[in-house]
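K.L.:
Spelled out, the chains give:
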Amino acid sequence: MTKAKRNRLIYNIVTFALVIGAFLLLQSMIANKSITRSLKGQLVPICCWVVMAVSLNLVIGISGELSLGHAGFMSVGAYTGAVISGWLLNAHGVDNTTLRLVLAIVAGGMAAGVMGALIGIPVLRLRGDYLAIVTLAFGEIIRNLVNVLYVGVADGRLTFSFLNKSMPEGVTMLVDGAKGAVKIKPISTFTAGFVLILITLIVVLNLVNSRAGRAIKATRDNRIAAESMGVPVTKYKMMAFVTAAALAGMAGALYGLNSSTVVPTQFTFNQSINVLVFVVLGGLGNVLGSVISATLLTVLPEMLRAFSDYRMLVYAVVLILVMIFTNNPLIRSVLSSAVAPIKRALRGKKQGGETA
Amino acid sequence: MSQVKRRANVKMVPLQSDAIVPERDIDKAPVLEARHLGIEFGGLKAVDDFNLTIGRTEIAGLIGPNGAGKTTVFNLITKVYEPTMGAVLINGHDTKGLSIVQASKLGIARTFQNIRLFDQMTVEENVRIGLHNQIKYDMATGILRLPRYWKQEKRQHEKALELLHIFDMEKLADETAGSLPYGVQRRLEIVRALATNPSLLLLDEPAAGMNPHETEELMENIAKIRDQFQIAILLIEHDMSLVMGVCEGICVLNFGKVIAKGTADEIQANPVVIEAYLGKKKEAQA
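One line per chain: the protein sequences are A and B, in this order. Under this note's numbering, think of the first position of the first sequence as 11, with each following residue one higher. Under this note's numbering, think of the first position of the second sequence as -16, with each following residue one higher.
These are calculated hints, taken from the structure and not from any lab test. It cannot be assumed that every hint is accurate.
[To be verified] Computed cross-link-like contacts, EDC-like style, restricted to lysine to aspartate or glutamate with a CA-CA straight-line distance of at most 20 Å:
| no. | chain 1 | residue 1 | chain 2 | residue 2 |
| --- | --- | --- | --- | --- |
| 1 | A | 13 | B | 157 |
| 2 | A | 15 | B | 158 |
| 3 | A | 13 | B | 31 |
| 4 | A | 13 | B | 153 |
| 5 | A | 13 | B | 151 |
| 6 | A | 15 | B | 197 |
| 7 | A | 15 | B | 153 |
| 8 | A | 353 | B | 158 |
| 9 | A | 15 | B | 31 |
| 10 | A | 353 | B | 157 |
| 11 | A | 13 | B | 102 |
| 12 | B | 244 | B | 31 |
| 13 | A | 13 | B | 141 |
| 14 | B | 240 | B | 65 |
| 15 | A | 15 | B | 157 |
| 16 | A | 245 | B | 121 |
| 17 | A | 13 | B | 145 |
| 18 | B | 11 | B | 23 |
| 19 | B | 137 | B | 121 |
| 20 | A | 13 | B | 136 |
| 21 | A | 13 | B | 158 |
| 22 | A | 15 | B | 65 |
[What the hints assert, rightly or not] Chain A is nowhere near these chain B residues, computed Cβ spacing over 12 Å in every case:
| no. | residue |
| --- | --- |
| 23 | 49 |
| 24 | 68 |
| 25 | 70 |
| 26 | 126 |
| 27 | 185 |
| 28 | 188 |
| 29 | 194 |
| 30 | 237 |
| 31 | 251 |
| 32 | 257 |
| 33 | 258 |
| 34 | 260 |
Note that beta-carbon positions come from the ideal geometry of N, C-alpha and C, so glycine has one too.
Model the full structure from these sequences, guided by the hints.
P.N.:
Below is the structure:
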């Protein structure tokens, strides 16, 4: 096995071990009832934000395009999930919550994926920062659209409208304009969130270490060289973008079905920037880093509730500091020399193990 | 220089009106035909009425002073630019309106004057990008890790190492491409281009930044590559020892126009070429 291959394997094992370990630990804490109420309530949101961060990392870190509307895809997923779940319950009487949750998540992912494709087809053909501009606009457009969206179910049929008045008699409202998706039966579970994280990790990590993933990275490193080698750049940028959008939609569906209402203001530009902060703090292209930073930055504000007003301020400062420090050669060399002995020790152990 | 056999002494025979190819390629269809090729940038004719035919296994050189339009010719052949006049035929196919990717699939591969490697990827991954259209499997196979994934990955790995062996670079397979020394990066670009299984390899100043010893090695390698892969090579180079030593047909460009064509000996003796490089001899010194 080559050195690069071994490093990759170790990295993947550490990532999965960490996620699975954390899940088992939290499950045992739930069983022992030694978990605080606030943390228990945060478990599903943490899973959602981890999936959001990892999927955005696929766009920003791996394919090198800036997307500023990731919360928009999340909201598409959340609304689709809420509507599908409500429709299955009201129109078809599907009582099995697991089945409803799975179908809602799949539908949320597909809807967001289609949205991603619609945006990607025109924009990813261009060079430059157009994707950032368009996704920024997309997030706002989606928020304003769902603000006036009314969806109801009557006689087993879904009715869509942008006017409240046009709803038929005896309708059960699923999405009620600015009030958002209402009367959702919360069916999300921590286990579902955990499974979604695992799926996301498998998709992203396996994609990165495959022919398609290498093509995506090549388009990031040098577009013209990639084209000259016969790599269709737009296709692979689309692949990364649509995959990320679909994963964000799945996370959104899980997020939406975790509470009784979803309102448009939950998915603002600030939320997109929030996810961007997770990705940058965790390291561009570093999936494990995204998992850790998304978890910490979701838990910490809750623990530091007293200072929550200053959170966005601190975020901005921390983000700028991270960008300064990670680009400073002096600090980088100090950091890497600090890590080197650990790496050496690990390698030594490995080689010892192999020869023995 | 001494141990390198001069390959310039091949007899050149005319193919069309003014096209010449090595005698051994006369019965084979040419790899590249540029017919009256030209491009204008806002009224400036960067390349004008450029004609070139390259035989199936020819090593051709494109030389000329700085700014003569050599790299522009490369960009026209590889479809980075769409020509405003004339046509480029690759293996007999007209490339009008094709994209860079489609041109690559017709069998063109190139290196770049200012190296364009995938800096953050490893050496092996760089070569594997070259193999992108050679050893394939789709996205789902990759994510689900189906048996085909393992089989094709193994094939890619073996093929990549085999190609890296040309320049004895197997040991560098796991290094990050961006961290390699300049000369090695240039060689890696050639390997990556060869991985696309081209019929015509375009080398844009392959010897730039190399010392005389490395240049000599490169000359041997260029000849070796041609013999081993049976492909045509067109190179832009300022190092005349390399051009005269390895190129069979040479085309001289000045101000976007072809000023001379022929073998190394013919070019060296051509007064127009000497004038383009060194300037006009002063007439009557009264």
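K.L.:
For a quick check of understanding: which of the numbered hints are violated here, in increasing order?
P.N.:
3, 6, 9, 18, 22, 26, 27
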